[in-house]
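Novice: As a plain string of letters, each chain reads:
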Amino acid sequence: MSDTPAWRDPTQVHAGRSLVLAATGAVIGLIIAGYGLFTARGTSTLLVPPEDVALVNQQPLSRVDFVGMLKSLYDVDLADSTPEQRRKILEDMIREEVYVQRGKDLDLASVDPDVRGAMVAAVEQVSATSAITEQPTEDKLRAHYDANRTLFTSAGTMDVRDYVFKDAAAAAGAVTALRSGKPADSVLAANGGRDSAKVSSEEFYFAAKIHLGDALFTAAAAMATGAVSEPIEADGIHVLQMVKNTPPTQYTYEDARVRVLDDYRKKAITRAQANMEMFLRKRANVLISEDLR
Amino acid sequence: MMTKAHRTFRPIIFTALAAGVAAAIASLVWFNAYAAAGRLLTADPNAIPADRPAMRRAVTAGQAVYSRQCASCHAAGGQGSVALSTPALNDGDWLYGDGTPAEIERTVSYGIRSHHARSWHLTEMPGYIQATASGTHQIIPLTPSDIRDLTEYLMKLQGEPGDEQAAARGQTLFHISAGCWDCHARDAGGDRATGVPSLTDKIWLYGKGDRQSIFDSIAFGHAGVCPAWIDVLTPVEIRQVALYVYALSHPEDSGESK
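Chains as they are written, first to last, in our numbering: chain G, 1 to 293; chain X, 1001 to 1258.
If you are wondering where the hints come from, they were derived from the structure by calculation, not from laboratory data. Values in this document were obtained by computation on a predicted structure and should not be read as measured data. Every residue gets a Cβ at the ideal spot worked out from N, C-alpha and C, and that includes glycine. Errors might be hidden in some of the hints.
To be verified - Computed list of chain G residues with no C-beta within reach of chain X, every gap over 10 Å: (1) Ala23; (2) Pro50; (3) Leu61; (4) Val67; (5) Gln85; (6) Glu96; (7) Val100; (8) Ala219.
Unchecked claim - Listed next, the in silico SDA-like pairs over lysine to any residue satisfying Cα-Cα at most 25 Å (straight line): (9) Lys267/G to Tyr1206/X; (10) Lys1208/X to Asp262/G; (11) Lys71/G to Lys1208/X.
All chains, please: the whole structure from these sequences, using the hints.
Specialist: In structure tokens:
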């Protein structure tokens, strides 16, 4: 039996094994270091990544933006552009970047209201971007539809006349006459009423609500086509005569899906922005002056 | 005659050599892929379709990216979805730009109304049955009869029979009070520079071009969204998927042999 230390026995010292392990470790280390050197963002490097056209103080200028600006400014593709055009675009981009960096150095965000406003808007957009990138599943959308069914209807329309009377007795007489089928003009003349002309033709519910006011609109929305309301006291005595009422009808999920997704996204954006603000406020050390606490 | 030292170091040397060769091969493969990605990224995106081998590699890789990130909305073959109101990507009809690889790449990178500052977001179809139809433009709400008239006008533009008098009123609305012409152009042909669709080509993104869906589009408005993928995909993946999408409507440029 040999007294040479066994290659596979970890309890024994083996020079060859140590050498191989050290060499393997060195190779792996070199590969990792090389990968990191060529791909890491923010690493100081002399190489411009292929997706960029320049680095300004290690800040990349995107090739997509470069090609887009060539198209916008000169309506040419990269291959068809002249060196002069490319140089002009590149110089413009570099100029913008150095000015932006100088702006950061000068801390313009602390003093310039325009910069502050732009930064607030930009941060809001960043939080909205993440909300949009996350695609909701069909189950989530359907749950949203079920929870907000009243939002996903057709647009209700109404054509209604609003008559105004001096007192309740005149209004009551007009109601009886209108319900018996007498023409509105003669009823108004006989009872001293007038047409407010707030609604003169078919309107969407939202417009009728604005024109009639909440109280009259609520009464009108409940009326059937051809109906005449009881006298309603709302800044005068009113009687409504419904010419045509087409209430909103419920859309199925399939028919409303586009609007469901749109509404879901809007609410997701609102939530994301609220969460962002909550996070920022939580993280911030805010001290409030004693007199305003 | 093999000495004791030979016997001891031979497996070590073989192992070290094997490890070295494996590392060298791995490095070569990685460097080759890195260099290919660099060539793809530094090339003019609009010129890549003419480079058949490069295009073939990009399209193959782009298809995988598309299946992962885009197919759930735009369908596996890029045919879009009426149910999801997502546009077809294989028909050569483009809302934004002329469908060049560079323009597609921009859309993939920054999205449409994605809230990314560089996304396409200049226009939005207002809903005309709101007191404030637009937050930025003074747009007067329309009445139900206005929208019916506009609908008739749009049906006429499609060559569909309908109420001629209503269509004439709708034409006046389109060109004057409703202000539709401002985005959709005087000839209703749309504007690819701002992503406004043509209303004359029988290609509908929302619904199937029937009266009810046109009425609802005018009434409720639309603002379709495509996410910005710039922070999700790598630059190479973005270019690959842009080239794949380009190839969907240009199969002759997909890099496959004729």
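Novice: Does each hint fit the structure? Answer for all of them.
Specialist: Hints, one by one, checked against the model:
1. Ala23: Violated, since 5 Å does not exceed 10 Å.
2. Pro50: 4 Å, violated
3. Leu61: Non-interface label on Leu61/G holds, nearest chain X Cβ at 13 Å vs cutoff 10 Å.
4. Val67: For Val67/G, whose nearest Cβ neighbour in chain X is about 5 Å away, the distance does not exceed 10 Å, so it is violated.
5. Gln85: 13 Å, holds
6. Glu96: 13 Å, holds
7. Val100: 13 Å, holds
8. Ala219: 21 Å, holds
9. Lys267/G to Tyr1206/X: It holds: about 22 Å lies between the C-alpha atoms, which stays within 25 Å.
10. Lys1208/X to Asp262/G: 19 Å, holds
11. Lys71/G to Lys1208/X: Violated - the C-alpha atoms of Lys1208/X and Lys71/G are around 34 Å apart, more than 25 Å.
When held up to the earlier numbered hints, the structure conflicts with 1, 2, 4 and 11 and fits the remainder.
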